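Number of protein chains: 2
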Amino acid sequence: MEQIIYRPIGIIHTPFHKLKGMPIQPGGAQGVGGTIEIREDCLDGLQDLDGFSHIIILYHFHKSRGFSLEVIPFLDDKPRGLFATRAPRRPNSLGMSVVELIKIEGATLHIMNVDILDGTPLLDIKPYVPDFDHPGSCRKGWLEMRSDISACIRSDDRFNGDNS
Amino acid sequence: MEQIIYRPIGIIHTPFHKLKGMPIQPGGAQGVGGTIEIREDCLDGLQDLDGFSHIIILYHFHKSRGFSLEVIPFLDDKPRGLFATRAPRRPNSLGMSVVELIKIEGATLHIMNVDILDGTPLLDIKPYVPDFDHPGSCRKGWLEMRSDISACIRSDDRFNGDNS
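Heads up: the protein sequence lines correspond to chains A and B, in order. Heads up: the first sequence runs through residues 1 to 164, numbered per our numbering. Heads up: the second sequence runs through residues 1 to 164, numbered per our numbering.
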């Protein structure tokens, strides 16, 4: 199949310089702030975004190398199919998080509840719209029994592709 | 900034062969079924996914050409900043939808409430987990006054990059 080529529209800055110890989802990153620096030639696209309390950010797991189709997720001790997890090592290392948008100052977006590595290339921003993005009642598979998945779970080394 | 290269992990099939008349979000696609054909060498990654009632699919708007940083969205009559909209013509033409997963048969995922063009290349699948993906109470900017955004709104030609 054909190649699809993207270019970052910005860079995400967070307090997490190493994968180890990072929260593994926004739930574990409550109160952790970060910023996004948007590319100069994309700034006009930010109009009206400040009306939204939350945004969807799509980014590239830039430290991820290779992948396995079966992984033991942080939240489990059994191997699971990769696509049933949010592990960063994927055939296409695309990350997606819903974060709180605090304010926009020029090219800088201040965001909250950030579970992302510092220096991560940003690919897209979309407004979070519950009518589109929240389907109401859900089954959540192997995570169903975990009542604590919003707690402060931190990453270890297992998804580290290159020891950085 | 550097290029990021992805390769589709599958193809999305839907009843929508033309952009015109397509629902513009899953809300407008209630009851519309589709399928995803997953690449043979990615099948092992589908284990455990059937426990989830909803999945996040990330895909490439393959018919989208070029972009403008200011657009008049389907749901409005005023120009809005591109990143405050879900328009398909974006610097990186990444699409994201939350769809219902009905069943998995071999390499075929049967999905429901599909607002996607037939033949769209799939880049990633993630389980939808409300604890991660639904932030609770939200402000939804220029969409705040629209109580009808889940209704059957259909696309016109405005985001058509190449008349197909």
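Simulated from the structure, these hints should not be mistaken for laboratory data. Nothing here was measured: the structure is a model prediction, and the numbers come from that model. A portion of the hints provided could be inaccurate.
The list cannot tell twin chains apart, which means a pair is met if one copy fits it or any two copies do.
Stated by the list, open to error - Straight line, CA to CA, 27 Å or less: simulated DSS-like cross-link-like pairs of lysine-lysine:
| # | residue 1 | residue 2 |
| --- | --- | --- |
| 1 | Lys140 | Lys103 |
| 2 | Lys18 | Lys103 |
| 3 | Lys78 | Lys103 |
| 4 | Lys63 | Lys18 |
| 5 | Lys63 | Lys78 |
Legend entry - Those earlier numbered hints the structure runs against, lowest number first: Per hint list: zero violations.
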